[in-house]
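Residue numbers (our numbering), protein chains in the order written: chain U, 1 to 296; chain B, 1 to 474.
Heads up, a few of these hints could be off.
[Stated by the list, open to error] In silico SDA-like cross-links for lysine to any residue, where the CA-CA straight-line distance does not exceed 25 Å:
id: 1; chain 1: U; residue 1: Lys274; chain 2: B; residue 2: Asn446
id: 2; chain 1: B; residue 1: Lys372; chain 2: U; residue 2: Val8
id: 3; chain 1: B; residue 1: Lys382; chain 2: U; residue 2: Asp281
id: 4; chain 1: U; residue 1: Lys279; chain 2: B; residue 2: Ser417
id: 5; chain 1: U; residue 1: Lys274; chain 2: U; residue 2: Glu261
id: 6; chain 1: B; residue 1: Lys450; chain 2: U; residue 2: Asp281
id: 7; chain 1: U; residue 1: Lys279; chain 2: U; residue 2: Glu220
id: 8; chain 1: B; residue 1: Lys382; chain 2: U; residue 2: Ser294
id: 9; chain 1: B; residue 1: Lys419; chain 2: B; residue 2: Ser439
id: 10; chain 1: B; residue 1: Lys372; chain 2: U; residue 2: Ala228
Just so you know, the hints here were simulated from the structure itself, not pulled from any lab data.
Only a predicted model underlies this, so the values are computations on that prediction, with no experimental measurement involved.
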Amino acid sequence: MSTGLRRVILLCLGILGGVAAWPLTELIVRAQGRFPSYLLFVAALGGAVGLLMGAFFGSAAGIFARVGSRILAGMIVGAIVGLIGGVIGLLIGQAVLFLLGGLFLDSYRSFQTVGLPIARAVGWAFLGIFVGAAEGFRAASGKKIGIGLIGGLIGGLIGGAALEYSRLYLPPSLPSRLIGLVVLGLAIALFYGIIERSMAFGTLRVLNGRLKGKEFILNEGRIRIGRARRNQITLEPYDNLADRQVQIRFRRGEALLTNLEPKFPVLVNDQPVKEHRLKYDDVLKVGSAKLFYSYD
Amino acid sequence: MKPRFNSALTAALAAALLLIGSTTLFGYNVRLSQIDPSRLLLTQNVRLYVSVTDDRGEPVEGLGAESFTIFESPDGQDFRRIEGLSEFKPRGASAEGITFLLLIDNSGSMYDTPAGQPTEDTGRMRITHAKNAVRTFLGSMTQPKDTVGLVSYNTSYTLLAPPSGDKAQVAGFLEGIERPDSEQAYTELYAALTLAVEDFTGFGGRKAVVILSDGENYPYFEHSGKTHPEFGEKIYRYTEPIRACQEAGISVYAVNFAAQRDPNLEAIAVETGGTVFDARNQEELARVYQRIHQQVAGEYLIGYRATMTPAERKYVRVQVRENGQSQQATRFYFSSTVFGLPLERLSALLVIPFVLAFVLLWLISLLKFEKKRGPATLEVLKTRVGRAQTRVMPLGTAKTVIGGSRNADLTIVGNPSVKEQHATVIYDSKKKAYTVVGSGDLTVNNRPVKTKVLEPGDVIDVGGATIVFDDGEV
Chain U
1 MSTGLRRVIL LCLGILGGVA AWPLTELIVR AQGRFPSYLL FVAALGGAVG
51 LLMGAFFGSA AGIFARVGSR ILAGMIVGAI VGLIGGVIGL LIGQAVLFLL
101 GGLFLDSYRS FQTVGLPIAR AVGWAFLGIF VGAAEGFRAA SGKKIGIGLI
151 GGLIGGLIGG AALEYSRLYL PPSLPSRLIG LVVLGLAIAL FYGIIERSMA
201 FGTLRVLNGR LKGKEFILNE GRIRIGRARR NQITLEPYDN LADRQVQIRF
251 RRGEALLTNL EPKFPVLVND QPVKEHRLKY DDVLKVGSAK LFYSYD
Chain B
1 MKPRFNSALT AALAAALLLI GSTTLFGYNV RLSQIDPSRL LLTQNVRLYV
51 SVTDDRGEPV EGLGAESFTI FESPDGQDFR RIEGLSEFKP RGASAEGITF
101 LLLIDNSGSM YDTPAGQPTE DTGRMRITHA KNAVRTFLGS MTQPKDTVGL
151 VSYNTSYTLL APPSGDKAQV AGFLEGIERP DSEQAYTELY AALTLAVEDF
201 TGFGGRKAVV ILSDGENYPY FEHSGKTHPE FGEKIYRYTE PIRACQEAGI
251 SVYAVNFAAQ RDPNLEAIAV ETGGTVFDAR NQEELARVYQ RIHQQVAGEY
301 LIGYRATMTP AERKYVRVQV RENGQSQQAT RFYFSSTVFG LPLERLSALL
351 VIPFVLAFVL LWLISLLKFE KKRGPATLEV LKTRVGRAQT RVMPLGTAKT
401 VIGGSRNADL TIVGNPSVKE QHATVIYDSK KKAYTVVGSG DLTVNNRPVK
451 TKVLEPGDVI DVGGATIVFD DGEV
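Please model the entire structure based on the sequences and the hints provided.
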């Protein structure tokens with residue numbers, strides 16, 4: 001899968017996450033009066049959004065790796081982490097909204113058109129930050145947490161403002177919360193798609209065989225390559241490689257490749273290696289697969 | 001530019017009427033001086049600071065919890081009574097500072113003597129007394145958390161210094177107040193008090209306007225017959241500042257500099273929980289600041305459990321009953337949630353997008369991104385210098401030339417280090433193998449070569465252009 005296709009799929013997942021979360025948020029918002037307190041109401045709302053968006057983003061790694069079991073596992077872990085992130089994020093967001101709203105309400109000027117949208121956008125930003133970062137926590141990757149954080153922050157700001165302005169300026173029949181949620185999902189996905197690459201240690205592009213053209217973005221400190229599905233890079237359709245064949249560790253700007261299974265040779269630039277410090281444009285041969293390590 | 005009441009009789013009659021009016025109109029006044037919803041999210045509790053004052057602005061103390069009833073409303077119309085108070089504390093003032101805005105009258109008559117006689121002696125002018133009064137006030141401010149701002153008003157309203165802790169700055173602006181020309185000499189008293197509310201933007205806690213005035217509201221449009229440059233034909237009524245100040249929890253303290261005061265000034269002050277002072281009494285003037293703090297110290301702290309009805313702002317009404325009399329005050333606090341208000345109607349169709357999202361996710365998960373068998377190709381991944389005219393080049397059965405020439409099969413233009421025919425890929429139909437042969441500098445998999453039998457996935461570098469060979473097999 002090329003980077004372009006990967007981005008498109010991420011965007012689809014972001015939109016779908018927003019669409020899936022919308023009906024549940026409408027139900028909970030509608031039931032506000034039945035909740036005993038704002039604390040439980042906000043926690044339920046944040047949890048619902050985090051759970052669904054987390055599940056959809058959590059499926060991404062499995063979809064890219066084409067492993068059904070990993071899609072399901074990713075969704076479950078993503079949902080749990082998203083739920084926790086959503087609860088924390090929305091509680092902070094609501095606390096900030098109460099604080100800012102109270103401040104802006106003291107002013108008679110432009111409360112509806114400026115004060116409330118700003119306050120709500122900042123509230124949403126906290127939800128976005130935690131929901132976005134949840135995928136990073138799921139993958140236990142500091143870089144992914146950072147990417148999600150920025151995406152969530154920007155997405156939340158735009159999503160919250162979109163919710164408010166769509167309600168102010170668009171016909172009331174348009175579901176403004178759906179617009180806000182889709183914008184939030186889109187922005188998180190967009191940042192994963194765009195920043196993921198620039199914040200990564202590099203990419204490994206498959207040059208031959210069934211996975212030709214597929215690009216693996218290296219945004220975790222330790223990458224393992226092999227036939228087994230538990231590796232970050234699964235080369236199932238290729239021969240002459242072990243279940244776990246190669247490990248690449250990124251430390252202090254260096255990428256150290258280790259051949260974990262000496263039974264099968266691993267070549268870098270046509271030379272067999274046990275350990276090798278990778279540089280960009282190196283050509284790796286792992287089993288019958290060839291991979292191009294680059295950064296662009 | 002104001003009528004001057006020279007007749008002592010008229011003045012005495014007016015004062016007597018005013019006195020009668022105040023005692024019959026005002027028993028005591030209830031003001032919600034502050035709503036503190038900071039614990040709403042964690043404990044569901046809202047705290048109210050309620051000031052109950054008599055018609056002299058003195059705090060009414062000793063009331064019990066049973067005298068207070070709280071109501072809450074999502075729209076300001078339909079109020080629901082709150083059963084039970086979670087907290088009740090007489091003299092329960094919070095430690096927050098007070099925001100003061102000093103409004104100094106700079107109309108034409110402020111340049112007369114206190115008795116209303118024209119004078120050129122600056123020392124005898126009312127404005128000089130008013131400036132001294134402001135200095136006295138600033139000098140008496142002892143609480144470090146308090147902030148103060150300065151406004152001058154006449155035909156126009158001018159914010160000279162927004163509220164801050166810098167008292168020296170306010171004193172500095174005081175010196176800059178100059179005599180207005182005839183067009184600016186009118187007294188838009190009610191407009192100034194209404195507009196002042198907006199200059200408390202962003203300030204929480206208790207808020208007080210101290211207005212230093214020498215007499216009646218004297219609107220520009222009404223008395224000049226010309227349209228006001230800012231207010232047009234609008235004439236502010238005295239009820240406007242009362243409503244605006246009550247809604248924002250601002251109390252008005254008036255300091256009067258003339259024998260006559262505006263007939264509604266006392267109503268404005270008392271109904272907003274403030275009071276009127278006489279500037280001729282310097283001692284009383286120096287006590288204005290302490291008086292306001294005393295009033296704050298006498299406030300009742302009331303806590304209650306908030307309702308969960310969805311609303312962007314919740315209206316709180318506190319009703320005080322004492323001796324068969326009932327007085328109330330209403331204010332609102334911000335109660336909007338991150339996701340806003342609910343839809344008017346929920347449709348069962350909402351289940352469709354929910355299910356649809358999961359169905360689409362399932363379909364995406366079924367997509368196969370694997371490559372199928374295809375022809376052998378050369379694919380240009382990137383070029384360091386110049387550009388390739390073709391990105392993917394299917395390899396024929398004969399030979400394929402890579403070079404800078406326009407006649408080459410794979411042309412790399414704009415790179416002088418690439419020869420006309422830099423490398424050739426030759427197909428051996430017997431061995432079914434492709435071989436690359438270089439006439440210039442050539443690397444395959446980062447190793448310099450002259451010739452090499454290509455494997456699928458080999459990376460050929462021609463003058464910085466990275467080209468991948470693939471035999472098309474999967």
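Here is what the structure says about each hint:
no.	hint	result
1	U/Lys274 x B/Asn446	holds (19 Å)
2	B/Lys372 x U/Val8	holds (21 Å)
3	B/Lys382 x U/Asp281	holds (11 Å)
4	U/Lys279 x B/Ser417	holds (24 Å)
5	U/Lys274 x U/Glu261	holds (9 Å)
6	B/Lys450 x U/Asp281	holds (20 Å)
7	U/Lys279 x U/Glu220	holds (17 Å)
8	B/Lys382 x U/Ser294	holds (11 Å)
9	B/Lys419 x B/Ser439	holds (8 Å)
10	B/Lys372 x U/Ala228	holds (22 Å)
Every hint, counting from the list given before, is met by this structure.
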